[in-house]
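Protein chains in written order, with numbering that gives the first Met the number 0: chain A, 0 to 331; chain B, 0 to 254.
In case anyone wonders, no lab produced these hints; they're calculated from the structure.
These numbers come from a predicted model, not from an experiment.
Be a bit skeptical, because a hint or two may be false.
To be verified - Taking lysine to aspartate or glutamate and the DMTMM-like style, the derived pairs with C-alpha atoms no more than 25 Å apart in a straight line are:
{"#": "1", "chain 1": "B", "residue 1": "K118", "chain 2": "A", "residue 2": "E232"}
{"#": "2", "chain 1": "A", "residue 1": "K168", "chain 2": "B", "residue 2": "E202"}
{"#": "3", "chain 1": "B", "residue 1": "K120", "chain 2": "A", "residue 2": "E2"}
{"#": "4", "chain 1": "B", "residue 1": "K39", "chain 2": "B", "residue 2": "D93"}
{"#": "5", "chain 1": "A", "residue 1": "K171", "chain 2": "B", "residue 2": "E170"}
{"#": "6", "chain 1": "B", "residue 1": "K120", "chain 2": "A", "residue 2": "E293"}
{"#": "7", "chain 1": "A", "residue 1": "K163", "chain 2": "B", "residue 2": "E232"}
{"#": "8", "chain 1": "A", "residue 1": "K126", "chain 2": "B", "residue 2": "D155"}
{"#": "9", "chain 1": "A", "residue 1": "K163", "chain 2": "B", "residue 2": "E2"}
{"#": "10", "chain 1": "A", "residue 1": "K168", "chain 2": "A", "residue 2": "E2"}
{"#": "11", "chain 1": "A", "residue 1": "K206", "chain 2": "B", "residue 2": "D155"}
{"#": "12", "chain 1": "A", "residue 1": "K168", "chain 2": "B", "residue 2": "E164"}
{"#": "13", "chain 1": "A", "residue 1": "K27", "chain 2": "A", "residue 2": "E286"}
{"#": "14", "chain 1": "A", "residue 1": "K76", "chain 2": "A", "residue 2": "E40"}
{"#": "15", "chain 1": "A", "residue 1": "K163", "chain 2": "B", "residue 2": "D176"}
{"#": "16", "chain 1": "A", "residue 1": "K220", "chain 2": "A", "residue 2": "E286"}
{"#": "17", "chain 1": "A", "residue 1": "K168", "chain 2": "B", "residue 2": "E2"}
{"#": "18", "chain 1": "A", "residue 1": "K126", "chain 2": "A", "residue 2": "E232"}
{"#": "19", "chain 1": "A", "residue 1": "K27", "chain 2": "A", "residue 2": "E128"}
{"#": "20", "chain 1": "B", "residue 1": "K39", "chain 2": "B", "residue 2": "E2"}
Stated by the list, open to error - Here's a subset of chain B near chain A, in silico, CB distances under 10 Å, partners left out:
{"#": "21", "residue": "G26"}
{"#": "22", "residue": "A51"}
{"#": "23", "residue": "T60"}
{"#": "24", "residue": "T70"}
{"#": "25", "residue": "M80"}
{"#": "26", "residue": "N107"}
{"#": "27", "residue": "G125"}
{"#": "28", "residue": "G127"}
{"#": "29", "residue": "M135"}
{"#": "30", "residue": "P166"}
{"#": "31", "residue": "A168"}
{"#": "32", "residue": "P231"}
A virtual CB, placed ideally from N, CA and C, is assigned to each residue, including glycine.
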Amino acid sequence: MFEVIAEGEGPLFMDPDADKAREYFRSKKRALVSKVMTVSEAVGKFVHDGEYLAIGGFGANRIPTAVCHEIVRQRKKNMAFAGHTSTHDFQILAAGEVFNRCDIAYIIGLEARGLSTNARRYMESGKIESCEWTNYAMACRLKAAAAGVSFMPARNIMGTDTFKYSAAKVVKCPFTGENYVIYPALWPDVSAIHVHEADIYGNCRIKGISIADLELARASKHLIITTERLISEEEIRSDPTATVIPYYLVDAVCEVPYGSYPGNMPYEYFSDEDHLRLWLNVEKDPEEFKQFLEKYIYRMRDFNQYLELCGGIERINQLRAVENLIDLNGRG
Amino acid sequence: MSEYNTIEMMICAAARNLEDGAAVAVGTGAPCAATMLAQKAHSPNLVIIFEAGGIAPLLPTMPISVGDSRTYYKAVMASGMCEVMETIQRGMVDYCFLGGAQIDMYGNINSTVIGDWHKPKVRFPGSGGANDFGSMAWKIMVITPQDSRRFVEKVDFITTPGYLEGPGARERAGLADNTGPYKVITNMAVMGYDPESKRMRAESIHKGYTFDDVQENTGFELLRAPEVVETPEPTAEELRILREEVDPNRYIIGR
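Bound-form chain A, shown alone (with noise of 0.2 Å):
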């Protein structure tokens, strides 16, 4: 038994017992069928109140932006959330009132954008539970779940007071005496993902960075893949090499072209700065951001009306250019 030094006091949301993941594991489904539906069957079946929910990509790169509209739009509350790499996508659910517990990497900002005011008032509000991690704090945490065991050491945070209000512990090291932190395995309820190709069973493509999703795809319980297109069996095995998740750890397939949107798509198009800014000016006055969301958000029918009035093929094709470094007004 390793000898405990100090114990962070921050709530532990999810329990890290790995016998019990592998006993959610062992009855997944590993069946070849096709997983296509839409966002929203999705989101009805695999999202639920109270359960623990995780976004992937990088807040406002390569996000599932329709999951996580649809999840305010269905309503779904009492959700703990992991605030890790998130913010567009934290922006979006603190909106929606969606989680009332939080496990912070990264929360309220949008990076060189500034922060976003309505999610500070929401985390400012005293009705989230919260526990402080860092980024590669939560990593670990998904790569623990995803390797099948209970914790993952690291050398960070420790001394801090991001350790003392996290839910990790220092260990002493039973071969060397080192002191390492232990990150409790985190094993997300649902999670969603965006990907640039996957087929009907649920393999999926990634281009560009891969963040932490590759182990958040292998942590998830369930698993809702939005793809720019979808692409035939028989093309994903022409090329294992570029599976990055294969089918068995899916749950639903939808395929949502512009999906990123209004993030960044690496090697398709670039984020909408100006949406972006919409969202972060409008929030400053509570009733014209109620009035905002009512627009983009509750009364949308699906993301693909949202795509429409945001400017929909037109503007993606400004963003198109913006990500392929070309000067539509250029001197050629």
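Here the structure of chain A is known, so what remains is to put chain B in place on it, guided by the hints.
Just chain B now, with coordinates in the frame of chain A:
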């Protein structure tokens, strides 16, 4: 010497700390501008690393996010967060660049809350990757405006470890040996740390400012290096690269 503003001075002073062949973990904003300037001006083989997975890009323009597609443009690898953080943990990253709401005399950084954590006056984003960088990279560099509300006697919350309570504290806590704060670069000065006491000290002052100006904008007693010199001014070439190639829209350097 051409005219330049204090932000340009700050970025040029920061960039000079990144020697060719070094590896640096970086975020967006002024640190990224300094890193891009270093890569274009004097360190073509600088290994730039972004926490979301971008490794050694040739940055075409300033990224908006540490995970946007610029962060792995013409990179050697588009990896993931564990790959990046574990490269730092393995000891292969020389520098990291951080910001933050507050910093104290031991270089501890707060980016979590102002006030009590349980009932914060202001909530900030939290660690993100800052604690990971500051715990595990060899040397921590900070770029921030010189302001006594930022340079405080005691930070409200230690998000990212500096020298914690002083000499030996990092190692006692369990952090890797021989790591810690290295430089703080502001619009007025470059500061380092006293090797014995691990307290922040002024090392060079930018033209137009005095030690007293810097002290006046610091909320704790600032030590002096044995020799406090004037920071070399930006060269015409540095300014050209910064203005034409790094930040042509002047998002960071202003007008």
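- Query: Is the hinted pair K163(A) and E2(B) satisfied, with a Cα-Cα distance of at most 25 Å?
  - Reply: violated (47 Å)
- K120(B) paired with E293(A) [C-alpha distance capped at 25 Å]: violated (30 Å)
- Message: A closest beta-carbon separation below 10 Å is what the hint needs, so does A51(B) meet it against chain A?
- Response: holds (5 Å)
- Message: Does M135(B) hold up as a contact with chain A if the rule is Cβ-Cβ below 10 Å?
- Response: holds (6 Å)
- Query: Is K171(A) within 25 Å of E170(B), Cα to Cα?
  - Reply: holds (13 Å)
- Message: Check whether the Cα positions of K168(A) and E164(B) lie no farther apart than 25 Å.
- Response: holds (20 Å)
- Message: The hint names N107(B) as touching chain A; please verify it with the least Cβ-Cβ distance against 10 Å.
- Response: At 8 Å from the nearest chain A Cβ, N107(B) passes the 10 Å test, so the hint holds.
- 25 Å limit on alpha-carbon distance, applied to hinted pair K163(A) and E232(B): Distance ~43 Å between K163(A) and E232(B) Cα, so the pair is violated.
- Message: Does G26(B) hold up as a contact with chain A if the rule is Cβ-Cβ below 10 Å?
- Response: Holds, because the Cβ-Cβ distance from G26(B) to chain A comes to roughly 8 Å (cut-off 10 Å).
- Have a go at the A168(B) hint: is there a Cβ in chain A nearer than 10 Å to its own Cβ? Holds. Min distance 6 Å.
- Query: If you draw a straight line from the CA of K206(A) to the CA of D155(B), is it 25 Å or shorter?
  - Reply: violated (41 Å)
- Message: Please verify whether K168(A) and E2(B) have alpha carbons no more than 25 Å apart.
- Response: violated (53 Å)
Hints 1, 2, 3, 6, 7, 9, 11, 13, 16, 17, 18, 19, 30, 32 from the list above are not met by this structure, while the remaining hints are.
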